[in-house]
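K.L.:
The sequence shown begins at 321 in the numbering used here and counts up by one.
Incorrect hints may have been included.
Lysine to aspartate or glutamate pairs mimicking EDC-like chemistry, simulated, CA-CA at most 16 Å apart [claimed, not checked]:
hint	residue 1	residue 2
1	Lys553	Glu638
2	Lys553	Asp598
3	Lys427	Asp392
4	Lys601	Asp535
Beta-carbon label-pair distances, calculated as ranges [said to hold, decoys possible]:
hint	residue 1	residue 2	range
5	Pro521	Asp374	38 to 44 Å
6	Pro521	Asp648	43 to 49 Å
7	Tyr380	Asn522	42 to 48 Å
8	Asn421	His584	22 to 28 Å
9	Ala372	Asn479	35 to 41 Å
10	Arg481	Pro521	46 to 52 Å
11	Val654	Arg481	36 to 42 Å
12	His653	Ile583	22 to 28 Å
For the record, the hints were derived by calculation from the structure and aren't laboratory data.
As the structure is a computational prediction, the values presented were derived from the model and not from experiment.
Built from N, CA and C at the ideal position, the CB exists for glycine as well.
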Amino acid sequence: MKALNLNGKSILITGGTGSLGKALTRRIYAEWPDVKRLVIFSRDEQKQFVMAQDYPLSEYNSIRFFIGDVRDRERLTRAMQGIDYVIHAAAMKHVHLAEYNPSECIKTNVGGAENTIYACLETGVERVVALSTDKACAPINLYGATKLTSDKLFIAANNIRGSNPIRFSVVRYGNVMGSNGSVIPFFINKRKAGFLPITDPNMTRFNISLDGGVDMVFHALANAWGGEIFIPKIPSYKITDVAEAIAPTLEKRVVGIRPGEKIHEEMITPSDSYYTYDMGKYYAILPTTPNWNIEEFKQTFGAKKVTEGFSYNSGTNEEWVSVQDLRDFIVEHVDPSFVA
321 MKALNLNGKS
331 ILITGGTGSL
341 GKALTRRIYA
351 EWPDVKRLVI
361 FSRDEQKQFV
371 MAQDYPLSEY
381 NSIRFFIGDV
391 RDRERLTRAM
401 QGIDYVIHAA
411 AMKHVHLAEY
421 NPSECIKTNV
431 GGAENTIYAC
441 LETGVERVVA
451 LSTDKACAPI
461 NLYGATKLTS
471 DKLFIAANNI
481 RGSNPIRFSV
491 VRYGNVMGSN
501 GSVIPFFINK
511 RKAGFLPITD
521 PNMTRFNISL
531 DGGVDMVFHA
541 LANAWGGEIF
551 IPKIPSYKIT
561 DVAEAIAPTL
571 EKRVVGIRPG
581 EKIHEEMITP
591 SDSYYTYDMG
601 KYYAILPTTP
611 NWNIEEFKQT
621 FGAKKVTEGF
631 SYNSGTNEEW
641 VSVQDLRDFI
651 VEHVDPSFVA
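My request is simple: use the sequences and hints to build the entire structure.
P.N.:
Structural data, given as structure tokens:
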């Protein structure tokens, strides 16, 4: 595996004021203080204003806050002038909001992906990593379908680059524990209602920390050959265990699943297994028609093909997060004063 070095590089993060964008920014400055330029590209001026308070130009003279929307290709192209690496994190992410506002979701998640690709191709960007989601695997909701389309666009972008040395890859992972809009802060806030709403007692989800998501992005930036979907080996959790960890004495009221939700999430389907390789810490779904030698790829990374029919499902996962693990995480990463 190659080690990443961002010193002297210029990086742009779309959706950079979100949970992952802020975690990426923190890690970049902690590990590569001599980064040439870090552009935070997003459309929410208030979030940019708040984030900028943590990165004053007097101390972080390489950071730039660039207001823009991934729906606007011209603005993206302007922002990417002189950029080496792009991390595409901008998306409309809430399943039920996407179901209710489908055209808005498509414009951001599909149109925004296409705009990002073409802006990168036109400006000399070297590497692009797009963030995906477990909901893009065998999608049953619009959000997942748009992210699957986005994944396909980024993978196929490697076929239209011509002599351009740019490489596009994707990282796919499950729910980020403790991030904005995730179940942990939702349940913590709901305690004052006197009960916790459980969509379905059998529901499970994959789980990854913010730093785990950042590590995956860095891995892809350093090691992608172009067209891979990287997937982490991570534990699952039961929604009932999250509720027990946060409020063991409160009523757990079953309210039914929301539109577009699954009981269990997948990240690799049996159909994907024909192109999936075990790379140790991660799996990688390779493109069906890569423009590089698969045997050389396997030898370089020690990658081994998974068995045909293999699937990676949060309900049948072999590794699980316990109730105590969940409580420890909340204290360490969400609320140091938390008491169940």
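K.L.:
Cβ-Cβ distance between Asn421 and His584: within 22 to 28 Å?
P.N.:
holds (26 Å)
K.L.:
Against the 16 Å threshold, does the CA-CA distance of Lys427 and Asp392 hold or violate the hint?
P.N.:
Holds - the C-alpha atoms of Asp392 and Lys427 are around 10 Å apart, at most 16 Å.
K.L.:
With respect to the beta-carbon atoms only, verify the hint that Arg481 and Pro521 lie 46 to 52 Å apart.
P.N.:
Roughly 48 Å apart at Cβ, these two residues keep to the hinted range, so it holds.
K.L.:
CA of Lys553 to CA of Asp598, is that 16 Å or under?
P.N.:
OK: Lys553 and Asp598 at ~10 Å, within 16 Å.
K.L.:
Please test the hint of 42 to 48 Å on the beta carbon pair from Tyr380 and Asn522.
P.N.:
For Tyr380 and Asn522 the Cβ distance comes to about 46 Å; the hint holds.
K.L.:
Do the beta carbons of Val654 and Arg481 sit within 36 to 42 Å of each other?
P.N.:
holds (41 Å)
K.L.:
Is it true that Ala372 and Asn479 lie within 35 to 41 Å of each other by Cβ?
P.N.:
Between Ala372 and Asn479, where Cβ atoms are some 39 Å apart, the hint holds.
K.L.:
Does the alpha-carbon distance linking Lys601 and Asp535 stay inside the 16 Å limit?
P.N.:
Given that 16 Å is the threshold and the Cα spacing comes to 11 Å, the pair holds.
K.L.:
Are the Cα positions of Lys553 and Glu638 separated by 16 Å at most?
P.N.:
holds (10 Å)
K.L.:
Is 38 to 44 Å right for how far apart the beta carbons of Pro521 and Asp374 are?
P.N.:
Check passed, 40 Å falls within 38 to 44 Å.
K.L.:
Could you see if the CB distance from Pro521 to Asp648 stays within 43 to 49 Å?
P.N.:
Given range 43 to 49 Å: violated, Cβ gap about 23 Å.
K.L.:
Taking the beta carbons of His653 and Ile583, is their distance inside 22 to 28 Å?
P.N.:
With a Cβ separation near 26 Å, His653 and Ile583 satisfy 22 to 28 Å, so the hint holds.
The structure fails hint 6 only (numbered hints given earlier).
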